[in-house]
Amino acid sequence: MTDAVATEINYADLVERLTQRLRLRTAPLALKLFETVDEMKAIKGIRWPAAGVRFSMCQLVGQARWLGWTLGATHENVPANSNCGGVMGLNAPGTKYLDGSMFHGVWFATIEASREHQAQMPRVPHGKYVGVVLSPLASGRLIDPDTVLVYATPGQMVTLINGLQHRSYVRYQFGTTGESACADSWGAGLATHEPSMSIPCYAERKFGGVQDDEMLIALQVSHLQEIVTGLDWLASHGIRYPIPPYGIQCDPAMAFQASYAGKL
Numbered sequence: 035m036t037d038a039v040a041t042e043i044n045y046a047d048l049v050e051r052l053t054q055r056l057r058l059r060t061a062p063l064a065l066k067l068f069e070t071v072d073e074m075k076a077i078k079g080i081r082w083p084a085a086g087v088r089f090s091m092c093q094l095v096g097q098a099r100w101l102g103w104t105l106g107a108t109h110e111n112v113p114a115n116s117n118c119g120g121v122m123g124l125n126a127p128g129t130k131y132l133d134g135s136m137f138h139g140v141w142f143a144t145i146e147a148s149r150e151h152q153a154q155m156p157r158v159p160h161g162k163y164v165g166v167v168l169s170p171l172a173s174g175r176l177i178d179p180d181t182v183l184v185y186a187t188p189g190q191m192v193t194l195i196n197g198l199q200h201r202s203y204v205r206y207q208f209g210t211t212g213e214s215a216c217a218d219s220w221g222a223g224l225a226t227h228e229p230s231m232s233i234p235c236y237a238e239r240k241f242g243g244v245q246d247d248e249m250l251i252a253l254q255v256s257h258l259q260e261i262v263t264g265l266d267w268l269a270s271h272g273i274r275y276p277i278p279p280y281g282i283q284c285d286p287a288m289a290f291q292a293s294y295a296g297k298l
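Count the sequence shown with my numbering and you get residues 35 to 298, in order.
Some hints here could point you the wrong way.
30 angstroms max Cα-Cα, derived DSS-like pairs, lysine-lysine [claimed, not checked]:
no.	residue 1	residue 2
1	Lys78	Lys130
2	Lys75	Lys162
3	Lys162	Lys130
4	Lys130	Lys240
Label-pair distances were calculated between CB atoms; the ranges are [stated by the list, open to error]:
no.	residue 1	residue 2	range
5	Asp178	Pro113	23 to 31 angstroms
6	Glu50	Arg88	34 to 42 angstroms
7	Arg205	Gly272	47 to 55 angstroms
8	Lys240	Tyr294	39 to 47 angstroms
9	Arg205	Glu146	17 to 25 angstroms
10	Asp178	Ile282	20 to 28 angstroms
11	Trp100	Arg205	28 to 36 angstroms
12	Ala153	Asp178	26 to 34 angstroms
In short, the hints are calculated from the structure, not lab data. All C-beta atoms, glycine included, are put in the ideal place defined by N, C-alpha and C.
Based on the sequences and whatever the hints tell you, model everything.
Rendered as structure tokens:
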């Protein structure tokens with residue numbers, strides 16, 4: 035039983051259909067940015083990090099994802115003036131980030147490479163939002179979220195993309211930031227509202243609970259609606275997840291005939 039919130043979209047049903055088709059480990063996570071803390075406090079069941087404790091943003095996302103919490107966070111809950119808040123627009127990254135000195139000698143051998151890493155990082159512009167609330171989409175606590183995060187294995191992810199493309203084809207282009215890859219998922223997703231897939235970075239795997247075989251995509255709810263429609267359509271044509279291996283030494287004619295009957 036989810037928290038009942040009047041909405042035209044049945045988030046719980048949407049999540050159930052997606053999870054069943056893709057056999058996801060964890061349910062999609064909704065993110066919504068807020069301009070005031072009072073708006074955040076009005077959300078049913080919201081909890082906050084303990085006073086004085088600062089988590090990385092990927093830890094906060096991981097807590098909401100794995101523990102099912104509805105969690106609020108502001109700049110005071112993440113490392114000060116860092117990319118943890120900066121990617122979501124909760125703060126402007128400090129000089130030591132932007133000039134490259136923070137990551138120089140850690141991730142990058144030259145100050146120039148480190149500085150370019152920061153300059154090219156997708157971020158929500160700073161100044162409008164003070165906080166973010168993270169909550170399982172199915173709970174219905176965040177109506178009209180700004181983005182939804184779906185964690186999936188490569189096989190699940192390509193099937194998801196196939197569903198998204200099934201009747202309105204787009205060749206999606208996804209970039210990679212490397213370390214700080216949260217900028218490629220929720221950073222780009224929040225900034226552009228376009229599907230934004232990432233290879234989660236070292237920090238997301240070390241601190242955020244992301245598994246070694248997982249990828250991450252940020253989507254709009256409208257994308258999810260198209261995906262579940264597409265997954266149902268593909269399933270009706272024999273294309274489903276998991277993808278059964280046919281074998282590397284078998285003549286594929288029989289398998290092709292099943293899908294491409296009359297076309298070969």
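Hints, verified against the model:
1. Lys78 with Lys130: violated, 38 angstroms
2. Lys75 with Lys162: holds, 18 angstroms
3. Lys162 with Lys130: holds, 23 angstroms
4. Lys130 with Lys240: holds, 23 angstroms
5. Asp178 with Pro113: 23 to 31 angstroms: holds, 29 angstroms
6. Glu50 with Arg88: 34 to 42 angstroms: Holds, at about 35 angstroms.
7. Arg205 with Gly272: 47 to 55 angstroms: violated, 24 angstroms
8. Lys240 with Tyr294: 39 to 47 angstroms: holds, 44 angstroms
9. Arg205 with Glu146: 17 to 25 angstroms: violated, 32 angstroms
10. Asp178 with Ile282: 20 to 28 angstroms: violated, 47 angstroms
11. Trp100 with Arg205: 28 to 36 angstroms: The hint (28 to 36 angstroms, Cβ to Cβ) holds, given that Trp100 and Arg205 are roughly 33 angstroms apart.
12. Ala153 with Asp178: 26 to 34 angstroms: holds, 32 angstroms
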